[in-house]
Structures are given as structure tokens and as C-alpha cells.
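> Chain A is fixed; fit chain B onto it per the hints.
The chain contents come next:
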Amino acid sequence: MPTRQRLRFAGTRPAFADASLRLRGLLGAERLQDTVRGQVELAFEEIASNIVRHGSPTADVEVTIAIDPDEVVLTFEDDGVPFDPCARPDRSLPASLDEARPGGLGLLMVQQLSSRMTYTRTSDGRNSLTLAISRM
Amino acid sequence: MDISPLREGLVKVTLSGRLDTVGVDRVERQFVSALVPPGSNAIVDLSQVDFVASVGIRMLIAAARGLRMKQATLALYGVQDRVGRVLESVSLAQIIPICSTEAEAFAAVTPRVP
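Protein chains in written order, with our numbering: chain A, 1 to 136; chain B, 1001 to 1114.
Some clues are possibly wrong.
One-sided excerpt, in silico: chain B residues whose CB lies under 8 angstroms from chain A [claimed, not checked]: (1) Leu1010; (2) Lys1012; (3) Thr1021; (4) Val1022; (5) Ile1057; (6) Ala1064; (7) Arg1065; (8) Glu1088; (9) Val1090; (10) Gln1094; (11) Ile1095.
Please keep in mind that the hints were generated in silico from the structure rather than gathered at the bench. Computed from a prediction, not measured in an experiment: that's the story for all the values here. Every residue, glycine too, gets a C-beta built ideally from N, C-alpha and C.
Chain B on its own, in the form it takes in the complex:
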């Protein structure tokens, strides 16, 4: 997992490998604690994740909920097809923005200036 601040109030997280019981055990604490306490908007690159189970989806939902309580947003992007099919089966896009590219994810978490 790689966590890099892109600018004030925006963090990019790159997850890799499998978001199953073993994979989530390894990253969950660091993932949630890096994102939620600062309350920054976050974009999460899933292009290197090749498997996701419910435990991984719960981790993403927990972080998105934590950020929502701080008026911040989390967006996912770069999802591989096989992972995308799983996220689609639980309609995750209804509750967390799932974007194709980093630029779209960036736009999804950036407040529009009227």
C-alpha cells in the first residue's frame, strides 16, 4: 500500500494484491488511520488489486463512511474487470464513486466552485 498526499486536503492511496481476509488484515489499520483522522478527500487506485472479497468492500465502506462524517469524500478508480464485476454485484457504485481514471476520481472528490 502506498499513501501519498497530492496536495492540501487530498490523499492518494494505491492498494495492491488481494483484498481478502489475509490482505485486509495486513493493510486495514494503516488504510483507515491514514485516511479517516485527517479527514482529507481521498482517491484510491485499485488498478493493482486483482481480487476483492466482502472484507475488502467493508474496509472501503468503513473509510468512506468515516470520511463522510468529516464532510470528505472517497472515490475509487482503475478497477480491473474481475474486481469490477464483484463491486457491481453489490452495487457499490451507488454508495462510493467508482471512476475510470485518476482524473475522474480527482474530479469526483473535488468540490465544484460555482
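Excised from the complex, chain A in its bound form:
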């Protein structure tokens, strides 16, 4: 049975921490494979923390989690500055400790675990990022 859940929170670290806890509660009530659950938690952590880090504390962040039989679809909407994660060039993995640089790692991880990822700037000026995680 497909289910749809929604989390809404302000762009502050405490609100984000609280939303992470609520997400884990929601996922705990669903019958998901451990791997998929971990991937959903990771995608949420990476994308939402990025919004909070770069957005305004008064930002309004809304995350929809649709659990379908074949995939989990996460949609992140926020009213922060325009940011298209899909437009970022693929970042290669560091080959040595000397080459390892901070930044971009989280996005790379999300690109790897998503089966598809699309971004639009909505007509009312919000970032909207949708990504899917396969359950197959």
C-alpha cells in the first residue's frame, strides 16, 4: 500500500535535528529493507542539511516521502536561494588523502544512491528537488 508522509520545518539546525528524528520515526513504522531505510535517511540528511547550511534560518523546508511498492520518492522544497544540485558536475572520488577535499561529498553520495534526480525552480520561487530510491 503506497503511503505519503510530509515533514515541514524551519531552516535551523535544531528544527532540522528534530525533523531527522521524526523521519526515523516515520520510517520505523514502514516495512522497508534495512538498506533502503539507510539510503532514505542518508538522502534526507545530505539534502536537508545542505538546505539548512546554505539557506536562511527563516527558510521554510518541506519534505514529502512517498513510499511506493517499487521505490521511495523524496521531494524537497525550500524557499532559499536557487540551487540546482543536478547541475553540479559529477565530482570524482579522491584517490589519495592528499587529494581529498571537503565539499561536494554528500551530493556525490546522493547521486550514487538515487535512481533518478530532478530539479525545478517552481513558479512561486521555490527550489524543488525530487529523487527516487529503488526498492528492487
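This is chain B only, laid out in the frame that chain A set:
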């Protein structure tokens, strides 16, 4: 987090819980300052860590880089499967030794005597 000197020049750190934004906020300063300024070799037990995000991987890389600049090494061990899959997705083992057991981690940071 538990930090215990094993012997001269070798420290063992046990991390636990989640290495996400909230978890890393809690331990990062103490983790990096306990390891990097003394410049001791370090083995890090991850067996009680059940989630890792990029912020946690960055903390481990920062400590390993800091130690490298002091000619010291950091090795990880005891990684749970779900955490291991994430570390594997970014090929972390290419830049930081990831071992199965404490003994292997110990060997990875101990210079071989010719």
C-alpha cells in the same frame, strides 16, 4: 566517544551512535583535538556506529590528513555492514585503511621493523 592511549604514540578511539550532523557536532572538536595535536597513530573502533553521513566521513578524513602531516596514521575497524556500504560508495578505503579487527588496525598503523 571514548579515547584511550594504548601505549606511547598509539591512541584508540571508540565512536558510537550516528555520525550525522547532530552526532558529529557533538564529538568533532574533541575527536580532532584529541588526535591531531599529539600526532599519535590512531585506531578508530566504528563497531558501535550505525549510521554515517558525509559530515562524518569528512571528520575522519580531516583527522587522517592532520595526522598524515605529522607522519602518523589513522585506521578504522569494526565497521557495521550498513556503514561499510556507505564508506565503500565513496571508496574511503583508498585513502584511509579500513580493517576488520583491532589487531589488523593496530598492524596498519604500526611501522614495520625491517
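> Look at each hint and say if it fits the structure.
Hint check:
| no. | hint | in the structure |
| --- | --- | --- |
| 1 | Leu1010 | violated, 19 angstroms |
| 2 | Lys1012 | violated, 21 angstroms |
| 3 | Thr1021 | holds, 5 angstroms |
| 4 | Val1022 | holds, 5 angstroms |
| 5 | Ile1057 | holds, 6 angstroms |
| 6 | Ala1064 | holds, 6 angstroms |
| 7 | Arg1065 | holds, 6 angstroms |
| 8 | Glu1088 | violated, 10 angstroms |
| 9 | Val1090 | holds, 6 angstroms |
| 10 | Gln1094 | holds, 6 angstroms |
| 11 | Ile1095 | holds, 5 angstroms |
Taken one by one, the earlier hints fail for this structure at numbers 1, 2, 8, listed in ascending order.
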